[in-house]
Amino acid sequence: MQVEQILVSTLILTTPILLAAIGGLVNRQAGIVNIGLEAKMLSGAFVAVIVSSATQSWFIACLAAALSSAVIGWMFSLTITRAHANMIVAGLGLNILVAGVLGFILSWVYKTSGTLRQPDVVLLPDVLPEFFEKIPVIGPALSSLDPLTIFAWITVFCLPFVLTNTRIGLWIRATGNAPHVTRAVGLRSLAIQDASTAFAGFFAGLAGAHLALASLGLFNEGLTAGRGFIALAAFYFGRDRPIQTAMACLLFGFLDTTQIRLQTAGFPPKLIGMTPYLMVLLALIFTSVRAQRKAQL
Amino acid sequence: MSSSIASRSIGILLPLVVSLIVSGVVLLVIGKNPLDVFSLIATESFGNARRIAATLSAATPLLFTAVATAVCFRSGVFNVGVEGAFLVGGLAAVFLGFTLPAAWGFALFPICFFAAALIGAIWLYVPGILLAKFEVDEVVSTLMLNFIAVAITGYLVNGPLLSPLSGNNVTPLIHEVAYLPRLMPPSTLHAGFLIGLVCVAAYGFWCRYTPAGFEGGLIGLNQRFSRAVGISVPRTIVGVMILSGVIAGIGGAAHGMGQMHRFSDGFSPGYGFTGMAVALLGRNHPIGIVLGAILFGALASAGTTIQLFSNIPLDLVNIIQGTVMIFAVVELGRISLRRKKGTANAG
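Just so you know, the protein sequences line up as chains A and B, in that order.
Using the working numbering, the first residue of the first sequence is number 1, and each one after it goes up by one.
Using the working numbering, the first residue of the second sequence is number 1, and each one after it goes up by one.
By construction, these hints were calculated from the structure, which means they are not laboratory data.
Treat the hints with caution; some may be incorrect.
Listed next, the in silico EDC-like pairs over lysine to aspartate or glutamate satisfying Cα-Cα at most 20 angstroms (straight line) [what the hints assert, rightly or not]:
| hint | chain 1 | residue 1 | chain 2 | residue 2 |
| --- | --- | --- | --- | --- |
| 1 | A | K270 | B | D265 |
| 2 | A | K294 | B | E135 |
| 3 | A | K134 | A | E4 |
| 4 | B | K32 | B | E44 |
| 5 | A | K111 | A | E221 |
| 6 | A | K294 | B | D137 |
Covered by chain A, per the in silico footprint, the following chain B stretches (three or more residues, Cβ under 8 angstroms) [as the list claims (entries may be wrong)]:
| hint | region |
| --- | --- |
| 7 | 127-139 |
| 8 | 155-162 |
| 9 | 271-281 |
Just so you know, even glycine gets a beta-carbon here, dropped at the ideal spot from N, CA and C.
The whole structure should be built from the sequences, with the hints applied where relevant.
Printed below as a string of structure tokens:
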């Protein structure tokens, strides 16, 4: 296994986790733990495949995926903010509901179960011209950059500024950390939460589009394979901070990459697959113990 | 008073009604008459003794997972890790069921069940103590533990515990003496169903007549008050988590020894989460749980036949389950309450 290959596949496998985690962390900054990312990724992937096949445009496909998932996210948010649904149970319910609806559509409309192949699905293009590939070590990774990966990383590096230095960023953080204050100064905290959940849906939709259109060009019921929860793990691990969360995503993407290689080296793949979850558990314990120590001092 | 009873019954009926409407609309869209389909589901799941047995058989694991969920939810502890405890408990029971000598005969039952309960208890004790001692968010910790349980059990059945005789992903069969007896032989309904009913009854007794159950309910209603009257909140939290693990573990054992007779990769197709829907639908009440489990059991057992004969995708069951879960936690009562408060403040 060469370094170049590891870099390429780590980069590609990180993108969907990263996109979903970006949405999730903003959502959690506004005070909503989004357990339904998985559902919105799945619907995003589905919409992306259909629209890409129908319009022959990866851009419209991604946009449609993002917007449809944003709408789902917004409706999901209404049940939490307006109807006081417990966000965890509602999120788990949303995952089951969306998987059910998509499965239903697959077998009723497309007469297939599990996998949907559409003709002429346009995949995400490579952005940089071919000669970048000649650059040693990072060349192949650079030349395999797709628009969504670039967009994800630009967003990651803009987010810290947006969250700390802009009005909207402060609104979001105030809503999550001090809802009473937000309401007291006359901000519509529920509307801000709804917007942040729609934002999370938008990015989860893009994550799904990336899963479907990066290389596969098809939709499968198991396409997300728990990545929505890995994203959740990532922003818990990164404590809702964009850069730290992105680093966690890179780590999980790297684990995903090495999983296949380690498997051939004799490591049980299932046990490697559980590392992200174990890490989050340990990180949670670590941060909570530390916070308590601080409180005691 | 009467209005509170009315709003409570609305709370119980709302998720059912909404999911009926949603699935009805879905059926109308695909050109089926919802009433026909619903009555078909009813006859397929309750039409004769054999079908009722199939329904109850499908409801069996849900009795356990629903009680295990309800034990925690009524204390305000959002334990979503019942699925994981069900898996590790089931594997523990099955493992002993085929490794211990068959000559031990009936002694295998208590041993396997005890081991499953113990493993389940330990499994959920971890997030319980983390929540009680260090305020580690139980939702995330139990959610993560589910994935870890799937990974560990998946690794074991594909590696060390893989059956040498059959292909992939399964352990050897347990000894025949350790099979739970079938209640109505051609059907798979087994004694686990009765154990499940006993668990529900014990849960009901625990809630109403024991100090621990009362304290558990109280911290769910008002933690500050509970602390003020001298209830140890951390101890109660750990207690309900252990209890939840015990019940989930026993459920896994019953499923393994009564239904599957071995452990496989798809041992639980999400019983923990369906159990959550059942507990929410039944509002943590024992009778509600039994009815909810039978309802979802009926959907599961009829769903396959419906797909076979009227070509309606089985995914309809998931649509219903998801809708029930979302609308079971929606609080219509509080919407109107808030509005009233808002107008009062404004005035």
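Each hint, compared with the structure:
| no. | hint | verdict |
| --- | --- | --- |
| 1 | A:K270 to B:D265 | 11 angstroms, holds |
| 2 | A:K294 to B:E135 | 14 angstroms, holds |
| 3 | A:K134 to A:E4 | 12 angstroms, holds |
| 4 | B:K32 to B:E44 | 17 angstroms, holds |
| 5 | A:K111 to A:E221 | 14 angstroms, holds |
| 6 | A:K294 to B:D137 | 18 angstroms, holds |
| 7 | 127-139 | holds (count 6) |
| 8 | 155-162 | holds (count 3) |
| 9 | 271-281 | holds (count 4) |
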